[in-house]
Amino acid sequence: MAPYLHQTQNRLRVRSDFILRNPQQVALQLAQLKGAAGVKEVIYRRYAGSVAVRFDESRVSGSALLAQMEGFGWLTARNDNAYIDTTVRQLARSMVKGAAMLTLNAVVKPSLLKMVLR
Numbered sequence: 001m002a003p004y005l006h007q008t009q010n011r012l013r014v015r016s017d018f019i020l021r022n023p024q025q026v027a028l029q030l031a032q033l034k035g036a037a038g039v040k041e042v043i044y045r046r047y048a049g050s051v052a053v054r055f056d057e058s059r060v061s062g063s064a065l066l067a068q069m070e071g072f073g074w075l076t077a078r079n080d081n082a083y084i085d086t087t088v089r090q091l092a093r094s095m096v097k098g099a100a101m102l103t104l105n106a107v108v109k110p111s112l113l114k115m116v117l118r
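Counting from 1, one number per residue, gives the positions in the sequence shown under UniProt numbering.
The set of hints was computed from the structure by calculation and includes no laboratory data.
A portion of the hints provided could be inaccurate.
Label pairs and their calculated CB-CB ranges [unchecked claim]: (1) 47 with 84: 14 to 22 Å; (2) 91 with 63: 40 to 48 Å; (3) 27 with 88: 29 to 37 Å; (4) 73 with 100: 49 to 57 Å; (5) 10 with 84: 31 to 39 Å; (6) 113 with 76: 27 to 35 Å; (7) 100 with 41: 48 to 56 Å.
Everything numeric in this text was worked out from a predicted model, so none of it was measured.
The C-beta atom is built at its ideal place from N, Cα and C for all residues, glycine as well.
The whole structure should be built from the sequences, with the hints applied where relevant.
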């Protein structure tokens with residue numbers, strides 16, 4: 001996914017693959033961010049891959065925080081074909097299992113019922 005950036009007055013939010021896939025590294029970087037001058041609150045949503053920062057514009061600018069986040073690597077776009085391949089493989093496997101179960105239910109269940117009812 002391409003990094004998503006949203007900025008309003010005194011608030012900056014970033015969502016990216018880097019944040020989603022590197023929780024230990026992001027946790028360390030969040031400690032640095034929380035200790036920065038002017039940062040009031042940092043909200044980290046691990047499973048969404050999102051970090052929102054509320055800050056005091058009189059003490060720190062949004063562009064300075066954005067530069068810090070870029071330095072962390074949060075804004076890098078990544079083409080991850082292995083992730084896509086794995087997802088497609090898992091989807092195909094579950095579809096094949098579903099088709100096999102439907103076939104077995106359609107063929108085997110009536111035969112078993114006939115045997116039991118005799």
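Range hint compliance [Cβ, residue 113 to residue 76, 27 to 35 Å]: violated, 59 Å
Kindly confirm whether 14 to 22 Å is satisfied by the beta carbon distance between residue 47 and residue 84. With a Cβ separation near 19 Å, residue 47 and residue 84 satisfy 14 to 22 Å, so the hint holds.
Quick one: are residue 91 and residue 63 within 40 to 48 Å, going by C-beta? holds, 41 Å
Looking only at beta-carbon atoms, does the pair residue 27, residue 88 fall within the given range of 29 to 37 Å? Since residue 27 and residue 88 have Cβ atoms about 31 Å apart, the given range 29 to 37 Å holds.
Does the Cβ distance between residue 73 and residue 100 fall inside 49 to 57 Å? violated, 43 Å
Given the hint of 31 to 39 Å, check if residue 10 and residue 84 actually sit that far apart at their C-beta atoms. Check passed, 37 Å falls within 31 to 39 Å.
Residue 100 versus residue 41 beta-carbon gap, inside 48 to 56 Å or not: At 51 Å between Cβs, range holds.
Violated hints, listed in ascending order, are 4, 6; each of the other numbered hints is respected by the structure.
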